[in-house]
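Since the structure of chain C is already known, use the hints to place chain D on it.
Protein chains: 2
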Amino acid sequence: MNDFVTVNEVGPRDGLQSQGKILSIEERLLMINALLASGIRSIEVGSFVSPKAVPQMAGTGELFGQLPMTEVVAYSALVPNMRGYELALAAGAKSIAVVLSATETMNQRNINMSLEQSTAVCAELLQRAREDGIEGRAYVAVAFECPFEGLTPARVVESLTLRMLEAGARKVIVADTIGAANPKSVRDVLGSLIGLDSASMLSCHFHDTRGMALANVLAALELGVREFDSSIGGLGGCPFSPGATGNLATEDLVLMLHSMGLRSGIEPLALVVTVQRIQALAGVPLGGHAFRWLQRQASKPQEAVHV
Amino acid sequence: MNDFVTVNEVGPRDGLQSQGKILSIEERLLMINALLASGIRSIEVGSFVSPKAVPQMAGTGELFGQLPMTEVVAYSALVPNMRGYELALAAGAKSIAVVLSATETMNQRNINMSLEQSTAVCAELLQRAREDGIEGRAYVAVAFECPFEGLTPARVVESLTLRMLEAGARKVIVADTIGAANPKSVRDVLGSLIGLDSASMLSCHFHDTRGMALANVLAALELGVREFDSSIGGLGGCPFSPGATGNLATEDLVLMLHSMGLRSGIEPLALVVTVQRIQALAGVPLGGHAFRWLQRQASKPQEAVHV
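Protein chains in written order, with this note's numbering: chain C, 10 to 316; chain D, 10 to 316.
Okay, chain C solo, but in the shape it has when bound (with noise of 0.2 Å):
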């Protein structure tokens, strides 16, 4: 099995959108540096949205031109629609995100469109980016329960993974936007699509609202996936989503990946310092379950940290 597992940070991204400190552009490439820093080489930096609409993806374009260590750093933005995508490709972008909510209800109170609308315009993305060399990513959000709709049938995640892919998307991320999924609904969830032969196009994005990110990215892990989402420090939600909080931090996932054996080329104890830069930035208190011990171990002699 294969033992390297990538971590991409949405800290950038789905972390800063629903904070109310708004974060200028030196900021932001000065979280992306800290991140650098640690090892981090896949990294979500922000979005192409309406400025009006989420003020603190403001400027990515810009930001997409400061990146340091483009040629090692697999750098990603989310583009709404062929606005978006059109200003990522100007901007230098090499990987664009699409995010399509399971449900008929997520798609209209997110993006006031039908499923079937939101499915189109990601397919349609999905295909100009192949024809562009660049490469796509897809979202399916709400994969496992909608606040509005209740679980999410798998068949459905299913269907909607397999058009994405279709259309030319690299990688379906597979997307517990509310934190309710569990050990047994990513098994069920991810069971029928790894039948499909394609958990190398699979990654997850977990939240910890209840507590079992964790266990969820294990599930994943023995079904196959090698890449998850995480955002540094627990950093971040979806604003859109009534009661999701918590996404899964970045060194919760990096140390049980390290303990288990399993290679991310991030070094736990170095998040230590990642997560005080960004806590300092963002100016809200940073640190998911495992980040005091982390802390601890940081403040001892070397030759006496087993991590």
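It is possible that some hints are incorrect.
Since the list gives no way to pick out one identical chain from another, each pair is judged satisfied if it fits inside one copy or across any two copies.
As the list claims (entries may be wrong) - Taking lysine to any residue pairs in the SDA-like style, the calculated list, with each CA pair at most 20 Å apart, reads: (1) K193 / P77; (2) K309 / L160; (3) K193 / F13; (4) K193 / L232; (5) K193 / E231; (6) K193 / R235; (7) K193 / E236; (8) K309 / P156; (9) K30 / L174; (10) K193 / E276; (11) K193 / G233; (12) K193 / T15.
No wet-lab data here; the hints were simulated from the structure.
Coordinates of chain D only, in the frame set by chain C:
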């Protein structure tokens, strides 16, 4: 696969023993009644140790005399030696637990005995319990990692577990005393034990120090383990182990089991009031990772609640 999981509540013992505030027998009884109200039916009541060494546990005998619902609730108590055993017997305890640390240094530091001495004492207590018709339980502490000796070899845990089962233990509780286990080490340590076809003789005790307790529970569930220790609201930790904080919270465990369709007889939402009552008694902030979410659910109109 058996879908009933026994949740053994250790708050009144493991939780309270490390607290600065010493609860009266009446308060400990109120705590136990609050636990029973949520459906909890397996409780570690206290320990028969010297009240000078552990004043928090003074009067455990008197407490046993006042326990409600003794016909349907499995109450147990820790006994460190034959004197403690006699006190437990006199108090009417029907189940006792011994604690055997898996490493030489932990035994020395904890109880000033060698591993061999400690093993002999535990075996003698279990044999005596068997003769008296008392259920014997045995903790194998620091079963994954010792704060003094590092990683605990799986074969040592296996050998000590076998010894305890031979001496008459009805259940061996594999304990991650310092919260250092991860899903892989859980598989490694339990894997060899499960090979002995003894899953029904095993229980696990996880701490959440590194945020991995529920992931570890999942790994153990997958191996067939159907009993777990937890502490209401995450109360407590081991006072003798440097860096050991954060018992697995009962509400986190119960919510995950419930979400996965496993039965424990405990209502996740009923635990909200239980945590609040016990927080008031213990005088410390309580609540596991899922507690805030459970609180929000418990405050909603009943028809809107989906746990």
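Now for the hints, and whether the structure bears them out:
Taking the shortest alpha-carbon separations for K193 and P77, neither the intra-copy value of 40 Å nor the inter-copy value of 36 Å comes in at or below 20 Å. Proximity of K309 and L160 under a CA criterion of 20 Å is satisfied inter-copy only: 19 Å between copies versus 46 Å inside one chain copy. With identical chains, the CA atoms of K193 and F13 are at most 20 Å apart between copies only, with a shortest distance of 15 Å across copies and 24 Å within one. In this assembly of identical chains, the alpha carbons of K193 and L232 lie at most 20 Å apart whether taken from the same copy (12 Å) or from different copies (15 Å).
In this assembly of identical chains, the alpha carbons of K193 and E231 lie at most 20 Å apart whether taken from the same copy (12 Å) or from different copies (11 Å). With identical chains, the CA atoms of K193 and R235 are at most 20 Å apart both within one copy (18 Å) and between copies (16 Å). Proximity of K193 to E236 under the C-alpha cut-off of 20 Å is found in both arrangements, the shortest distances being 19 Å within a copy and 18 Å between copies. Within a single copy, K309 and P156 get their C-alpha atoms only as close as 44 Å, which misses the 20 Å cut-off; across copies the closest is 14 Å, which meets it.
Within a single copy, K30 and L174 get their C-alpha atoms no closer than 36 Å, and across copies no closer than 58 Å, so neither meets the 20 Å cut-off. Taking the shortest Cα distances, K193 and E276 sit within 20 Å of each other only across copies (19 Å), while inside one copy they are farther apart (30 Å). With identical chains, the CA atoms of K193 and G233 are at most 20 Å apart both within one copy (15 Å) and between copies (15 Å). Taking identical chains as interchangeable, the C-alpha atoms of K193 and T15 lie at most 20 Å apart only when they sit on different chains, with a minimum of 19 Å there against 23 Å within one chain.
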